[in-house]
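Asks: One letter stands for each residue in the lines below.
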Amino acid sequence: MRELVRMVVVLAAICACSGLVLSFTSQATQVQRENQLLKFVKGPSIQAVFSDCDYDNDPIQDRMALSVGTDKDGNPLEKIIFLAKKGGQVVAVAYASSGSGYGGEIEVMVGLSMDGELTGISVMTHSETPGLGARITETVFTEQFRGLPLEEGVQLSSDGGAIDGVSGASFSSKGVISAINAAMELFSKVKEEVS
Amino acid sequence: MGAWNEFTKGLWKEIPPFRLVLGLCPTLAVTTAAKNGLGMGLATTFVLVCSNVLISLLRNVIPRKVRIAAFIVVIASFVVIVELTMQAYFYPLYKILGLFIPLIVVNCIILGRAEAFASKNRLLPSIADGLGMGLGFTLSLTFLGAVREIIGNGTLFGNPILWDSFEPFSIMVKAPGAFLCLGVILGLMNWVSMRQQKKS
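Residue numbers (the numbering used here), protein chains in the order written: chain Z, 1 to 195; chain A, 1001 to 1200.
So here's chain Z without its partners, still in its complex pose:
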């Protein structure tokens, strides 16, 4: 009996210490990890969605936080808006948006110009099936969104829209579509804030 208690106590103590140390490490590195994500994941995506735009600033430097309501626990939610400027005037914005695909959340960077067009999209993180759903990152799929007008929203051709989904991966394609539509819904609010 004493041995049993000892086993439980020792294991529980080790696990508790481990949890403590890990939560501390996670907090201590959080800011730096976000910076690296900005530099190595969001950076290239932002450049990709702005590739057709004429701008002369660094959108990663010129970013602003916009509060977009609250989550289901009542905590305030913020969205980071990346601004592309030409001569100090905002020409386009980009922000991340997500939708659920087949294997989990798909996070998409969506670029929108002030004249009301999609400037481009870039899939940042996803956990779709390699070879099938993962092909949503290919340019054949993502280039279709470039230059579309913002008013109507986007839809797959199977639903009567203009976008050809990735074959064999309708859930993944719909995930991207819903992420983009969510971003478009937010656009009028963002436009008000930046201009």
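No wet-lab data here; the hints were simulated from the structure.
Hints are all accurate, no fakes.
Partner residues are not named here, just some residues of chain Z that face chain A (Cβ under 10 Å, in silico):
no. : residue
1   : E3
2   : A13
3   : C17
4   : G19
5   : L22
6   : T25
7   : S26
8   : T29
9   : Q30
10  : V31
11  : Q32
12  : N35
13  : F40
14  : V41
Just the calculated beta-carbon pair ranges, DEER-fashion:
no. : chain 1 : residue 1 : chain 2 : residue 2 : range
15  : Z       : D62       : A       : L1124     : 46 to 56 Å
16  : A       : L1180     : Z       : S51       : 37 to 47 Å
17  : Z       : L20       : A       : Y1089     : 21 to 31 Å
Simulated crosslink set (SDA-like; lysine to any residue; CA at most 20 Å straight-line):
no. : chain 1 : residue 1 : chain 2 : residue 2
18  : Z       : K191      : Z       : P149
19  : A       : K1174     : A       : L1038
20  : Z       : K39       : A       : T1085
21  : Z       : K174      : Z       : M124
22  : Z       : K39       : A       : L1084
23  : A       : K1035     : A       : K1095
24  : Z       : K39       : A       : P1092
25  : Z       : K39       : A       : G1098
26  : A       : K1065     : Z       : L11
27  : Z       : K79       : Z       : Q61
28  : Z       : K174      : Z       : E105
29  : A       : K1065     : Z       : C15
30  : A       : K1199     : A       : W1012
31  : A       : K1095     : Z       : R135
32  : A       : K1095     : Z       : L37
33  : A       : K1095     : Z       : E107
34  : A       : K1095     : Z       : T29
35  : A       : K1065     : Z       : V10
36  : A       : K1065     : Z       : V8
37  : A       : K1095     : A       : G1158
38  : A       : K1009     : A       : S1119
We put the beta carbon where it would ideally sit given N, CA and C, even for glycine.
Take the given structure of chain Z and dock chain A to it, following the hints.
Replies: Only chain A this time, still in chain Z's reference frame:
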């Protein structure tokens, strides 16, 4: 001199991937370039030394029956620390090594050293053992990575070192190249030790 012997045995006599033939999964998978091998080796060394230290200190506290569970918790915690640190400071390397960083948890070398050495020895020899084994592992992975990178890509640590018209044998940076390379190195090492034995 005890600690020194524990340190040097990991560098040749019991060098992990080639002599103990342990930890082959990362050895084969990430050594497509010297830099990746070095990064993986250093990450493993850190986990190995830290877990050896903690397990050696706790060796009289941990009950025998739950020792493996306790070792795994200790090792896994250090692996997550490495993972978070790499994410924060070496993001490109973290992207390349990807899945193989969390897989350090199940690397046989680390659990093996905890079970076979650190849980039975005092602190100093355990540190020496961890450092030696880790360094041996790092050297092996870097060497394997360098060979594969030079033949398969014509570069070393990303710098071109061969003549311009060199046509890279790209099979060497793919999976079969890892087996070819490992086999040749194992064979060479056996040959060298056999010659040494004959001489003495």
